[in-house]
Amino acid sequence: MTFSFGLGLRSQHYHDFLEKPQPVDWLEVISDNYMVDGGKPLAMLDRIRADYPMVMHGVSMSIGSLKGVDPEYLRKLKRLEQRIQPMWISDHLCWTGVHGRNLHDLLPLPFSEEALQVVTRNVEQVQDFLQRPLVLENVSSYVEFKESEMTEWDFLAEITKRTGCKLLLDINNIYVSAFNHGFSATEFIRGIPKQSVMQFHLAGHQNNGDHIIDTHDHPVCQDVWGLYREALGHFGFIPTMIERDDNIPELSELLDELNYARDIADQVLSQQVAV
Amino acid sequence: MNLAALQDSFQELLLDSECKGAEWAEQSKHGISSARRIGIYHNAYRVRLADVLYDTFEHTASYIGDEWFERLAYQFVQANTSEHSNIGLYGKRFPQYLADALEHDQEVAELAQMDWTLRRAFDGPDAPVMTREKLESLAAEGIALDKFSPVPTLKLCHHAFNTLDIWHAINQDQVPPAVVRLDQPIPFLTWRKGHSPHFRTLSMIEYSALNHLCRGSELESMGAALSEEFPDADVVNEFGILIARWLDDELLADDRV
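Heads up: the sequence lines are chains A and B, in that order.
Using the UniProt record's numbering, you'd call the opening residue of the first sequence number 1 and step up by one each time.
Using the UniProt record's numbering, you'd call the opening residue of the second sequence number 1 and step up by one each time.
There may be inaccurate statements among the hints.
As the list claims (entries may be wrong) - Heads up, simulated BS3-like pairs for lysine-lysine below, C-alpha to C-alpha not over 30 Å straight-line:
hint, chain 1, residue 1, chain 2, residue 2
1, B, K155, A, K67
2, B, K193, A, K20
3, A, K40, B, K20
4, B, K147, A, K166
5, A, K76, B, K92
6, A, K76, B, K155
7, A, K78, A, K146
8, A, K40, B, K134
9, B, K147, B, K193
10, B, K29, A, K76
11, A, K78, B, K193
12, B, K29, A, K40
13, A, K146, B, K29
14, A, K78, B, K92
15, A, K146, B, K155
16, A, K146, B, K20
17, B, K147, A, K67
These are calculated hints, taken from the structure and not from any lab test.
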């Protein structure tokens, strides 16, 4: 899909999507919220899916887990996949806990050969099970590891090379991690293989002066819009969506923000055509 | 340090009540110290799980107030890790935790259990519902059912206090009544009708009938058992009234689908 713009489906906006057609090309659903037995979440999902293409985005796969991805989690994910027939399925390049515990956070991995081997094995497990490429998102991070042997972008590029998986580049996460760790966001973007990127995320964050927390509770800031321009210039158009998880505003506010993304894409891509 | 040791250490740091530094963390030349960086994860873990407890136990939080609830929620988070990929299931042990922690305020644990049960009914399993029309259609075909099945979200419970009144008052933004221990525990049921969780109190005969229903009893043996348990009741008449109400309330599943 090209030149398409989506939004994250949140329960606060169910009514808006059921009431009348909304100007979004597709919706991203948090897979984990719908990996339930029944009730309103799945009923709403089915009704809204009838009118909008969807992509699935998870938070609990724990692709960096040494034990491999939980087969029961994958079975539930597959049931949901069969239910809504998503265009693609994504999760995060992270781990969420060990020894049967779940910390419910997107914890970063060291960028080491050992971690590469673990992630490669797990991505292959998932792709074999789902029979489709997995899409992995770069996370915002606050710590770096002495064990890291390469940059985050080299790590991501190598995973795509070894597994054929795709990437969901979260432009905000690149900005947050670049700020927190002092690397170049431009270098990150230029280090990612162009053909591997399937989707962009845009989101807001909380800037505390000497560090940034990835909160998804603010509008996208101008610096991130700037990085989005840069990413479009480098990759060409990539399906883009706005992600808001807290302080969720009226749908109209998010649609305005999405239109802003459309305007930027039009500007950047028309310049490219002109050149 | 290999990946296993690093993840063990990272998890241990986050679960420890005190936030400490880690030898595996790179001392950044940029921005904040590595200890503060680990502190971001340490804090986020607690905030996230406490937020889930607030969300799940909304009436309980309203009843005891934010400050007290927050203190109990953070104590619970420190003492209980999550084993579920679905974060919504985290609070399963919270009602028992409250029962143990608030020995002299047992209605709080009852309220929390009610919040939990209703939340589970919200996204519990779906089932086709038996209706009057379906029953009439079966009767027209000469098919007589020998038993009914409950919808999967149906749960039978008891309260020792006037917790249902407290729940109602909180739900309507009214001042909850003073807590009262009941002369005898009151039975009630929770279930999902349409998309909404429901609850209501039960007479002793309905409670007993639903107990038989949940155990899979056939109608004939259920009637015999009720006649024995309630010798003064007109069981045939009562049973007819109950079935009609259960159909209206969407308590019966249509197993034939």
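Any of the earlier hints contradicted here, and which numbers? Result: hints 1, 3, 4, 7, 10, 12, 15, 17 break, sorted rising.
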